[in-house]
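Using the sequences plus the hints, can you model the full thing?
Residue numbers (the numbering used here), protein chains in the order written: chain P, 163 to 479; chain L, -11 to 400; chain C, -1 to 297.
Calculated directly from the structure, the hints in this document are not laboratory data.
Okay, the calculated bits of chain P under chain C, using three or more residues with CB under 8 Å as the criterion:
| hint | stretch |
| --- | --- |
| 1 | 274 to 285 |
| 2 | 400 to 413 |
To give a feel for the contact side, a few chain L residues facing chain C, derived at Cβ under 8 Å:
| hint | residue |
| --- | --- |
| 3 | ALA33 |
| 4 | GLN218 |
| 5 | ALA230 |
| 6 | ASN241 |
| 7 | ALA244 |
| 8 | LYS265 |
Every residue, glycine too, gets a C-beta built ideally from N, C-alpha and C.
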Amino acid sequence: MRGHAALRDAVIAAIALVVVLAIPFLHRSPAFEDFIIRLSAMALFATSLNLLVGNTGMVSFGHGMFYGLGAYVFALTMQMTELSLPVVAIFAVLVTAVGALCVGAICVRLSTDYFAFITLAVQMLFFSVIISWQSFTGGDQGLRGGIPRREIFGFELASQLHLYQFCAVVAVLGLLALRHISASPFGQTLRMIRDNETRASFLGVVLWRARLWAFTIAGAFAGLGGVLAALFVSGAYPELADWPNSGQAIFAVMLGGIDSFLGPVLGAMILLALNDVVTRFTEYHGLVLGLVILAFALGLRRGVLDFLRLAWPGRSR
Amino acid sequence: MSGLVTRRTILAGGTASLLAAPWVARAQANTLKIGMQSIMSGPIALLGTSSRNGLMMEQDRINAAGGFLGRPIEFVIRDSKGQPQEAARVARELVNSTGCELLIDAEASSASFAVQEVVRDLGNIACIHTNSETSSLTADPKIRAPTAFRVARQGVHDAVAGSIHLAAYADAKKLNKWATCSPDYAYGRDTTAQYLQFFKQFKPDVEVITDAWPKLGQPDFTEVITKLIQAKPQALFTLLYAGDLSAFVNQGNVYALFSQMTVATPNVDYPVLAAIKNLPAGIQSATRYLETFPDTPANKEWGQAYLKRWNERPTNWSWQNTVAMQFYEAAIKKANSLDAKALAAALTGMKINTPFGVDGTITMREDHTTIGYAIGWGQTTPKEPFIVDVKAADWGKIIELETEWKKQQKYI
Amino acid sequence: MDLDALGACLTTSACVVTQTTSGLIVGMLLFLVAAGVTLIFGVLKIVNFAHGTFYMLGGYVAYTAIGITDSYAFAVLSGALAMALFGALFERVLISRVYGSNVLMQLLVCYAVVLIFDDLVKIVWGPEFHAMGMPAAFQVPPLFIAGGVVPPFYAVLIGIAALIAIVLGVGLSMTRLGKTVRAAALNPQMVSALGVNTTALFAIVFAVGGGLAGLAGALAAPVRSLSPGMGFSILIESFIVTVIGGMGSIAGALVSALLIGMVRGFGTIGFPKFTDGLIYILMIAILLLRPQGLFGRRS
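Structure follows, in structure tokens:
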């Protein structure tokens, strides 16, 4: 049974990738390509957060710290060493995973409300370290001077088209991996913990260990998103690790649908598209965004994808 | 029958608009779009809005004189909210999608560095940074970009000018014990360090007995103020600015701080003056923008025109953006082109006449940054013109020490 | 780190008095804001992420009010009452719709309000920062107590905040309304079943919470800068206070707000570049050692 679903997921991913890669050959639109590049980073970030929020019931307010950590490790290593891009990218994700493991070890034992606040506190601490350790991180000015040697297998990532292709591939593969994890027995365990942790532990699940794994995996994928973000800005900036950025991921999850795998991706799409369109017409984007969010939160009462699936039931998960 | 008519009408309409399209497109294509991005929201929104005000006045003046290369100019203005990734996106959109042929980057801090990378990657657009005061943007050869320039004051210039003035003042009034209070981020830390470095060069017996590092945007400075009062310095140097400086002055007045020590800051400008109701007299301050310095009719005229149009006084950011447009105007005339490389060649080393230069001119140096703009130090008074006894800084000395500092930083 | 300076300060009565006063003023204003957060959470189980907006609007309303009547007392009352009204409206119109929802949905609603009002403030009062200026009555030199500096304006503010703390404490424990509120915090269904109009009760709780934050904003307006978006830093600080003190405990909010104030007051002498970091570490320590906070109840 799982084999069928896994095959279906892979086919959908392949089709999506082919479509996305084909678009520039039909029509070049720099704004669209920038949109997809940023969406790739944010989709990974938001979907990884939903592994915690939607799947395990762990509300993390500090997820941005891993997004930022991935970006900084990647940009710093590229600037300070001569290693090639794929090596550095993998290194950045691994370091972020280790970081998530350490932070998770401290945090996961706390119950929901406190877990949310302690992740926020750790993120704020991390952010203040970035700002203070100016000699290493560039402080509030960020890592300047650009990322050198942006090539991978002959693709020059300084070119928008190649960066677009690279980000699309990484995002689709990353999302597919997250989908696989979410649909696996481990993912089911997480959902069981979310629904009734007492029953889960009676069934022999070691709660803190499962949560720690979820936290680490989520952190690692957030770090991967951070790598893409670093490539887009050709550097790393503290704003990537700041609380409002964690908030962006939370909003993407809530707007898109906490109970649907692709909900966060859709939510990210909505947020980015809103941002891009609204800023073209008015400087009062906060007002517009706030009103839109209220309409979603009070009108639909759930994320868009969740709403659609409830309105048109009958499709299996 | 009706269906055929409808279809024919649609066909006719469609053909007509297809034929019209080139005309419509051509009329729009004549306008020269200039992209401008800045912080238009949040606590520092004044940075973006006052920059825009200056630019709008320039747009009118330039268009009245025929525009650039005979084409009317039009600013396309975007708010990046000060977020670097948004600043990068906006810069790319302005150039790639909106068809802007020139860029004015009015961002501050990290966002301006993000825009610098976009300009470097694109390679084919001229960009003038107008609000970033961090030296490394142009001083560091690794960060400098071939088609990006800076028309703004620099932290290191202010530091030299300030130290010279303060050292002389401190010598005259025998103020040897100093304290510092600056916001705890790159600008605050680096610029304070620069000031102190040059200060000690001119007055070796100066002693910093205590320092305070409040957070940028911190609402309450009381614990910092009381710490400073108890340390009993003779003088206080602070790099707090805008709302923070206003709050610090108001909260300092509660503790009568200003009667216990001389206060020196480069950052008293019109917005701070407008917000503070009881401005203490005798604060040593630099001028960021002052209608009476340089004391020329041209400067006064501009300041009055700005006040009349926007019902608020100009800021430092207002004049910097204005001068940027004056540089573009002169460079485009000289190069007779909008090509980024041609403009870059024209801008490098260019000197223009402008009311904001200390001798009526400002020069764009080979390292893509401006010198010769008006820096003066004077002291505050509670009524117009608010800063009096303004003495102009010595640019020769500024450049000499700046060069030494650049060697220290291994920029040259 | 400057532990010598810290030691020197702690052994001088002048320094202790002065820094304690500054810690008190920071702490008491923070308490007023945090009390609202903790009250709203205690009774309604809602984390009010829009609380900073109440503080901000309280300050702006006071700023406008004093421009009209030149009376600081009127300005403070206006700020507090306007925010009490706004709090009740906010609860009735928006919060009441998301009571049962996921906490993140509540966060979303609150955040939307923050965004909307940050821009509205910018539209109405402009993007530049404002300051009210010290009312004439308080433009007097500071007092000297035990060698330490105590400004009369701050002494009055501390007094007002202390009075409010007492009223809140007494009100909650001794008055009928207070007991109903505490009962509703423990068991809202039962309270409703007993015939209490919980709808009105919840609106009142939000009105009190909002009014407290508005009062803090108005009281601080003479000396702090007003700008759009100023609510954010107060919000974060009040959350830290509430977490350390215990969500739902007014006494906890008072103690931890004062604690934070003192950490700032003496931390700035001993740890000038790391004062914020100290506070985050304190928050993390409490969450690890005693997650329910100093005065909170283990749920």
